[in-house]
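As they're listed, the protein sequences go chains A and B.
25 is the number of the first residue of the first sequence in our numbering; add one for each residue after it.
25 is the number of the first residue of the second sequence in our numbering; add one for each residue after it.
Among the clues, some could well be false.
[Unchecked claim] The list that follows gives simulated cross-link-like pairs (lysine-lysine, DSS-like), each with its CA atoms no further than 25 Å apart: (1) A:K414 to A:K391; (2) B:K414 to A:K77; (3) B:K73 to A:K135; (4) B:K104 to A:K116; (5) B:K135 to B:K364; (6) B:K366 to A:K431; (7) A:K77 to B:K73; (8) B:K173 to A:K431; (9) B:K116 to A:K52; (10) B:K269 to B:K364; (11) A:K104 to B:K116; (12) A:K146 to B:K116; (13) B:K222 to A:K412; (14) B:K261 to B:K222; (15) B:K77 to B:K192; (16) A:K52 to B:K146; (17) A:K412 to A:K491; (18) B:K173 to A:K487; (19) A:K135 to B:K45.
[What the hints assert, rightly or not] Some residues of chain A that are not near chain B, with every Cβ distance over 12 Å (derived): (20) Q143; (21) K258; (22) E338; (23) K465.
Think of the hints as simulated: they come from the structure by calculation, not from any bench.
Glycine included, each C-beta is placed from N, C-alpha and C at the ideal position.
2 protein chains.
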Amino acid sequence: SVDAATMTHANGDAKIAQSAKLVVKTPKGTRDHNPHQMSLRDPVFEKIKAIFKRFGAPCIDTPVFELKEILTGKYGEESKLIYDLEDQGGEKLSLRYDLTVPFARYLAMNKITNFKRYQISKVYRRDNPAMTRGRFREFYQCDFDIAGKYDTMIADSECVAIIASILKALGLPDFTIKINHRLILDGIFDVCGVPVDKFRTVCSSVDKLDKSPWEEVRKEITEQKGIAEEVADKIGKYVKLNGGKELIDELLENEELNRSTSGKQGLEEMKLLLQYCDFLNVSQNVVFDLSLARGLDYYTGVIYEAVLKATVVENGKNVGIGSVAGGGRYDNLVGMFDPKGKPVPCVGVSIGVERIFAYLEANAATKPRTTETQVLVCSAQKNLLEPKMKIVTELREADISAEILYKANPKILAQLQYGEENQIPLAIVIGNSEIENNVVKVKNIATREEEEIPRERLIEEIKERLKKI
Amino acid sequence: SVDAATMTHANGDAKIAQSAKLVVKTPKGTRDHNPHQMSLRDPVFEKIKAIFKRFGAPCIDTPVFELKEILTGKYGEESKLIYDLEDQGGEKLSLRYDLTVPFARYLAMNKITNFKRYQISKVYRRDNPAMTRGRFREFYQCDFDIAGKYDTMIADSECVAIIASILKALGLPDFTIKINHRLILDGIFDVCGVPVDKFRTVCSSVDKLDKSPWEEVRKEITEQKGIAEEVADKIGKYVKLNGGKELIDELLENEELNRSTSGKQGLEEMKLLLQYCDFLNVSQNVVFDLSLARGLDYYTGVIYEAVLKATVVENGKNVGIGSVAGGGRYDNLVGMFDPKGKPVPCVGVSIGVERIFAYLEANAATKPRTTETQVLVCSAQKNLLEPKMKIVTELREADISAEILYKANPKILAQLQYGEENQIPLAIVIGNSEIENNVVKVKNIATREEEEIPRERLIEEIKERLKKI
Numbered sequence: 025s026v027d028a029a030t031m032t033h034a035n036g037d038a039k040i041a042q043s044a045k046l047v048v049k050t051p052k053g054t055r056d057h058n059p060h061q062m063s064l065r066d067p068v069f070e071k072i073k074a075i076f077k078r079f080g081a082p083c084i085d086t087p088v089f090e091l092k093e094i095l096t097g098k099y100g101e102e103s104k105l106i107y108d109l110e111d112q113g114g115e116k117l118s119l120r121y122d123l124t125v126p127f128a129r130y131l132a133m134n135k136i137t138n139f140k141r142y143q144i145s146k147v148y149r150r151d152n153p154a155m156t157r158g159r160f161r162e163f164y165q166c167d168f169d170i171a172g173k174y175d176t177m178i179a180d181s182e183c184v185a186i187i188a189s190i191l192k193a194l195g196l197p198d199f200t201i202k203i204n205h206r207l208i209l210d211g212i213f214d215v216c217g218v219p220v221d222k223f224r225t226v227c228s229s230v231d232k233l234d235k236s237p238w239e240e241v242r243k244e245i246t247e248q249k250g251i252a253e254e255v256a257d258k259i260g261k262y263v264k265l266n267g268g269k270e271l272i273d274e275l276l277e278n279e280e281l282n283r284s285t286s287g288k289q290g291l292e293e294m295k296l297l298l299q300y301c302d303f304l305n306v307s308q309n310v311v312f313d314l315s316l317a318r319g320l321d322y323y324t325g326v327i328y329e330a331v332l333k334a335t336v337v338e339n340g341k342n343v344g345i346g347s348v349a350g351g352g353r354y355d356n357l358v359g360m361f362d363p364k365g366k367p368v369p370c371v372g373v374s375i376g377v378e379r380i381f382a383y384l385e386a387n388a389a390t391k392p393r394t395t396e397t398q399v400l401v402c403s404a405q406k407n408l409l410e411p412k413m414k415i416v417t418e419l420r421e422a423d424i425s426a427e428i429l430y431k432a433n434p435k436i437l438a439q440l441q442y443g444e445e446n447q448i449p450l451a452i453v454i455g456n457s458e459i460e461n462n463v464v465k466v467k468n469i470a471t472r473e474e475e476e477i478p479r480e481r482l483i484e485e486i487k488e489r490l491k492k493i
Numbered sequence: 025s026v027d028a029a030t031m032t033h034a035n036g037d038a039k040i041a042q043s044a045k046l047v048v049k050t051p052k053g054t055r056d057h058n059p060h061q062m063s064l065r066d067p068v069f070e071k072i073k074a075i076f077k078r079f080g081a082p083c084i085d086t087p088v089f090e091l092k093e094i095l096t097g098k099y100g101e102e103s104k105l106i107y108d109l110e111d112q113g114g115e116k117l118s119l120r121y122d123l124t125v126p127f128a129r130y131l132a133m134n135k136i137t138n139f140k141r142y143q144i145s146k147v148y149r150r151d152n153p154a155m156t157r158g159r160f161r162e163f164y165q166c167d168f169d170i171a172g173k174y175d176t177m178i179a180d181s182e183c184v185a186i187i188a189s190i191l192k193a194l195g196l197p198d199f200t201i202k203i204n205h206r207l208i209l210d211g212i213f214d215v216c217g218v219p220v221d222k223f224r225t226v227c228s229s230v231d232k233l234d235k236s237p238w239e240e241v242r243k244e245i246t247e248q249k250g251i252a253e254e255v256a257d258k259i260g261k262y263v264k265l266n267g268g269k270e271l272i273d274e275l276l277e278n279e280e281l282n283r284s285t286s287g288k289q290g291l292e293e294m295k296l297l298l299q300y301c302d303f304l305n306v307s308q309n310v311v312f313d314l315s316l317a318r319g320l321d322y323y324t325g326v327i328y329e330a331v332l333k334a335t336v337v338e339n340g341k342n343v344g345i346g347s348v349a350g351g352g353r354y355d356n357l358v359g360m361f362d363p364k365g366k367p368v369p370c371v372g373v374s375i376g377v378e379r380i381f382a383y384l385e386a387n388a389a390t391k392p393r394t395t396e397t398q399v400l401v402c403s404a405q406k407n408l409l410e411p412k413m414k415i416v417t418e419l420r421e422a423d424i425s426a427e428i429l430y431k432a433n434p435k436i437l438a439q440l441q442y443g444e445e446n447q448i449p450l451a452i453v454i455g456n457s458e459i460e461n462n463v464v465k466v467k468n469i470a471t472r473e474e475e476e477i478p479r480e481r482l483i484e485e486i487k488e489r490l491k492k493i
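Excised from the complex, chain A in its bound form:
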């Protein structure tokens, strides 16, 4: 495992610079990524991008900050975690909190009513960091959203399918996608006797069920949110249910829940979604889970969350990695930015890639290479910088990744050691006799085999050897 080493290198310790007792560290909840981490991260982003493209999505980019007002009133109880910029005599700005609200702003601003896109960018939350589980204040989200009026559940099922495709592509096949529907939750709250104006705040409490037992959530609902105990107990009966089609059928026959129009509509839609999941070959990973609530205010329909079954070690204890993807339908968000309030129905998913990295880092078997250098150009004697610079240039012009040491007269052992440490496969070695005879030595750094080749056949010979490595 490379975990311990890379973590130390990344977070460092706070160092105090002498001059003015300067604290040299990254801001709380953030970290650098060193080359080892980057060489784990880069292929993950590439794979996620490839899947987004496989589902036909183009890419957009938005600024890291938005006008503060754009974010206001979109995140419910989480709004307090938004980073604001200082007023330096211009507009009031905030760092983006997710990629969904900027996407909705983009749609409204450009009057787009039909659009599918992906975006991979960092977002910012002044949360309490839990770094080993991949919870930071600055973190990447990888989002895929579909905007437009389409037939019920088709775009929604596409989002569930893309989560499954991505987790499989990343070599994480052991996952469950929990699915629920805000209308079903509203139906439950309704028939249990929650006042309508408390639906969202009770929903926020239910959202904590993935981390807290029902007893704690019940306490929050009754003591903090003022819901009667018998109402809470009725809710408790529902939110512990989970299953498949048979559970939906059972609930559709449940007279109590059927009294709620929205509950019924939610169940009908859920039934259709599970059918589409079947067609899209993802139903083996999907479970209808009535405890899933999702914290954000803007969801209006189907919601989902993918959970890895794997765990990581934190403070000596095994803890679940938790949700690695989540999303849902938000039909009213774009309308909040439109002058006439015209809605554009949307559904989307966000891949929580930092938690996936935390898991992959903790489980990386070997240190991957951090560079792609193919050839190290070395000198066996002094005063050979000129021919080395010319050879390294010739190689690079032929699209071969090549390096020299930045010393005028490095020792041959130091050069070969650099090659070994950086896992560079080939070395070209020149000395005065090679120059006289118009040849170069090609050395396989790992096996130490070497061979003399004519100087003018350098590029072909190197390309030939690189093919075999």
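With chain A's structure known, arrange chain B on it following the hints.
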């Protein structure tokens, strides 16, 4: 040219949302990037990354904000352009202004004395935006830096070579890399009679020579900075010089400039650098230009800047694109973060990729595709969503990018039109008779040719056809 269209789509107009007179726009000096822009940008980043790797650099990432103190005192007169975050009861933070200071902080924090890396990230400056020339408040920098004690000018010449490689790889061979040396400028200021404590501020004025005529710079030096007129005139004589090796030799024989030790050292180093540029096959693009000063305070040695000869149209006038890459040596920056002030000499380069995009966007001949979808799965009759979903899943599982329309019963014309608009090469069309006969139709959307193939040979047949496209 796609310029006008993409600009409108990207910047939009400020729209007022009804609810609370909400202004729906991006913050001043920033913009979204739509799919067309992203499909121009993405390959540019890929090419730059490939060249960085070809020179043996691994990648790191740092947070978008740093502790405010880390940035304090590093940028001279430009410090006023730093974005600060609001104090929300934690650390005082600022958005990064470049990638160089965070890199130096990274080295000091991790006690690294030997390191080469690249980083591609956004930086933030509260500057006056000039959007058509690619000057924004949020923009990407692509940085390559070499830290460590090496022999004179070797790492410096590597940075000059990487600029040339990148501009050539981007199809922009018509450029000049201006080179100068802070020690030469200091020597000039010294022998002309500028007081030592005014070297940096006069340097800031000289830096404006790429945008303003000497007369204006002279006025600033004499009137604002309090330098005597005859001193300014002597400076003027030097800073209009530019040339190659012969100019260095001439100046090395100039008795006046030779009285300055730093001037002489700068010239000797410049001579060596030009020799290395020759070995690295870049001297045809390099010019020694005494007017080059660079604005930032932290440079201590060689400085350089690449200028494209091309122009863009702004307000009906042809204006130069200006500098598209710049950098230099900064030997004292890392020491500012070290508790014992231990220096780590560094040299680096930053590619100003936004100006390159502005040029490429203005000159894009055709609209590139924004998606990579290879197959559109279509239905010729109603009630075929199930087989379409199954086919699209089968294709995606075979790594083929495929889409369906998100409608239960779309019209065949609407489906084919979507395929045409999105330049999707192939369509699979199924109807009831195809299902009965266990076949599918494969249609080339552009030529409208179609052919029936057995359902079970779907993947092979599609892969066969995609190879030919």
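Open item on the list: Tell me the numbers of any earlier hints that the structure contravenes, in ascending order.
Closed with: When the structure is compared with the hints, numbers 1, 3, 10, 13, 18 and 20 turn out to be violated.
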